[in-house]
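**Q** Here is how the chains run, residue by residue.
Protein chains: 2
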Amino acid sequence: MKIVVLKFGGTSVGTIKKIKRVADIIVKHKKKNDKVIVISSAMSGVTNELIKKSFEISDSFSDVEHDVLVSSGEQVACSLIAGRLIHKGYKSRSWLSWQVPIITKGDHKNSRIKQINKKKIIKYLKEGGIPIITGFQGVNNENRITSLGRGGSDASAIMIAKFFKARKCIIYTDVEGVYTTDPNKLKKAKKIKEISYEEMLEMASLGAKVMQPVSIQDARLNRIDIEVKSSFTKKPGTLITKRSNIINNKIVTGISSTQNDSKITLIGVKDKPGVAAAIFKPLSKNSINVDMVVQNISANGKETDLTFTIKTEDLKKTKKIINENNNIKFRKLLFKKDVSKISVIGVGMIATPGVTFRMFQTLANKKINIQVISTSEIKISVLIDKKNIKKALIALHKEFKLHIQK
Amino acid sequence: MKIVVLKFGGTSVGTIKKIKRVADIIVKHKKKNDKVIVISSAMSGVTNELIKKSFEISDSFSDVEHDVLVSSGEQVACSLIAGRLIHKGYKSRSWLSWQVPIITKGDHKNSRIKQINKKKIIKYLKEGGIPIITGFQGVNNENRITSLGRGGSDASAIMIAKFFKARKCIIYTDVEGVYTTDPNKLKKAKKIKEISYEEMLEMASLGAKVMQPVSIQDARLNRIDIEVKSSFTKKPGTLITKRSNIINNKIVTGISSTQNDSKITLIGVKDKPGVAAAIFKPLSKNSINVDMVVQNISANGKETDLTFTIKTEDLKKTKKIINENNNIKFRKLLFKKDVSKISVIGVGMIATPGVTFRMFQTLANKKINIQVISTSEIKISVLIDKKNIKKALIALHKEFKLHIQK
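Chains as they are written, first to last, in this note's numbering: chain A, 839 to 1244; chain B, 839 to 1244.
In case anyone wonders, no lab produced these hints; they're calculated from the structure.
Check the hints yourself; a few may be wrong.
No copy labels: a pair is met if it fits in one copy or bridges any two.
Capping the alpha-carbon separation at 27 Å, the derived lysine-lysine pairs in DSS-like fashion look like this [said to hold, decoys possible]:
#, residue 1, residue 2
1, Lys1080, Lys1003
2, Lys1140, Lys1028
3, Lys890, Lys855
4, Lys943, Lys957
5, Lys890, Lys856
6, Lys943, Lys958
7, Lys947, Lys929
So here's chain A without its partners, still in its complex pose:
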């Protein structure tokens, strides 16, 4: 059974007019004779409106009832989509997560899909039906409604694709795909035709707007091709697939950058096991997200310098935590606001020597000072002054020929 999974995000079903367009898209797929399974989010704005109500009821609204509350949003969207398809003469129906059922485990507001009972849906597909399944939710083993947390509808779509062994999962959203860099920061940014899971994961700062990393990782593990595209145009989107499927592998696929970062350097930290943990554990406890971490090999074998970046909004709190922490010994704390991380990402750089050099040379030519460097197999990240970010983006985008997409 050749199955394609279509997932529609909140903006794609945000109005009645848009829901009608979604039904047209579904029909187009159905006419290609695929077995089509549809997953829908709630109409945009609805979930936030419901959450607002829950806060008015209680500033510590029950997690269990929160899931009952918000899951109603997908129920509405799915019934409207199914209703439209029926209107157009197709066999369709809404499937609420408890009707499938989609079994989850874990806490309310942050559950994960454990099992999907395929029997009823398979029967329905064989009868020619188009199932419209509520995204973002499931039922736990106590028969209570659960929600999957942020990006939950993507998780639903990927897991359904996994359990039904779908050849492809198409994520319809309000962007046309994944871009070489943020089009809001660089006009010359181009839509990427094909990108590997690994690159997509590394491009989290770009990718997160399109899909949550955890869903990309699930797709990678289950070898599900994802196409990200807009429900508002007919243009092709971006295919996220395994490396070996990508024919025109470029050296660098995309460039991501951050904003509003701050850098902290601890001078003269004791170079012994457990020091890094002692520093970062209290930060993690306080929900401070530490990004780049760089530690040089100590020259004298006793002391070292440790540098890391955080969001500038967390700077004050971070300094306080470190200064008040008696478990950490260091000589001096330096900090710098207004730094940005710029990363070039590409699986091609594994096989291509000299990418690091080209990146550094490009920045040097523009007289942009590199403050910190961190590399992974398929990514090179550098920390630069925030004021240079635009200049760096333009130069690197040109150097790696990202404005040319075949």
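Here the structure of chain A is known, so what remains is to put chain B in place on it, guided by the hints.
**A** Frame of chain A; chain B shown alone:
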């Protein structure tokens, strides 16, 4: 197990502020140590908003998906009520109809409750929990969500009271109870303390605003006391109970009146079996609601005159149907717009001779002409000119001492 069922209508849960007040009312009952089961409607306006959306999707929106769509409204209300009770420190949770489950039969949009599985709810009550159950809905034997049609939340409440053998069902709404007559028509109208099921059924034109007749009939058959009261005041409401429970039985309990009626008289109808059916069948088919029907015994045994009332908005259509119906023979069709039916209702009149006379004399004293008379065991209805309705209401209300309620 002493159980009380509390039902809250849409206006009672219409805002967050009102939902908080509802939670306070529930707590008050819980403190009396009753086992409390709560049924809630959707927040007022929500159901209509959803139905509006469905019409925008399709002018013949699927009945099945309609039920999925609208049932989300009660889900939202119930989770918010439960969330508020949890906030206040009580053990509470929402119970969606499929979680109980509440099994229905019949068509979508108009199902009836067939069975309620009590096990889980009884267990939950014994644990001290306050279950908040979605009104207006159930699941059918295909595991699809169904809705109960107009006044469906009342039906849910009465059926739950029946299955759980509750001693009482309190209907919280936006009116303070049942009145001796419509307070909008007569300022002196008084709230009735106690009324029998039968009287309540006869007072349909008053009662329909409070409860659908079918729910009153279900309560009567199952001997469930209903209290109708406002969720906005602390005043006692109206108790609907069996005749023998009512101590201060008055001769007349209430007066109802209609507006915008028209009267049609067919002169010289053949007095033989099947004639009435031939007249009313096509009207029924065209959804024309026939109210009073009066036929005199024919003087000559061959012909008779038949009078009936309809809503004035249906007059034109009704005349057309009758005139074009070759199966009906009559000499002349007379009609009159702007008539009103006024009815005095009371179980007391069974045992009290002369009520009919007192009613007619009262109207005669005010020089109000009676056009048609129709009586039942506990109701006397007369048709009068619409312009006299206020005068008649005042006079009859006074004659039967309805302004005095002990």
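**Q** Now look at each hint and say whether the structure bears it out.
**A** Here is what the structure says about each hint:
For the identical chains of this complex, Lys1080 and Lys1003 are intra-copy neighbours only, at 16 Å inside a copy versus 62 Å across copies, given an alpha-carbon limit of 27 Å. Proximity of Lys1140 to Lys1028 under the C-alpha cut-off of 27 Å is found in neither arrangement, the shortest distances being 48 Å within a copy and 92 Å between copies. Both within a single protomer and between protomers do Lys890 and Lys855 lie at most 27 Å apart by alpha-carbon distance, with minima of 25 Å and 13 Å respectively. For the identical chains of this complex, Lys943 and Lys957 are neighbours both inside a copy (20 Å) and across copies (25 Å), given an alpha-carbon limit of 27 Å.
Within a single copy, Lys890 and Lys856 get their C-alpha atoms as close as 24 Å, and across copies as close as 16 Å, so both meet the 27 Å cut-off. In this assembly of identical chains, the alpha carbons of Lys943 and Lys958 lie at most 27 Å apart whether taken from the same copy (21 Å) or from different copies (22 Å). Taking CA atoms no more than 27 Å apart as the test, Lys947 paired with Lys929 passes between copies only; the shortest distance there is 20 Å, against 33 Å inside one copy.
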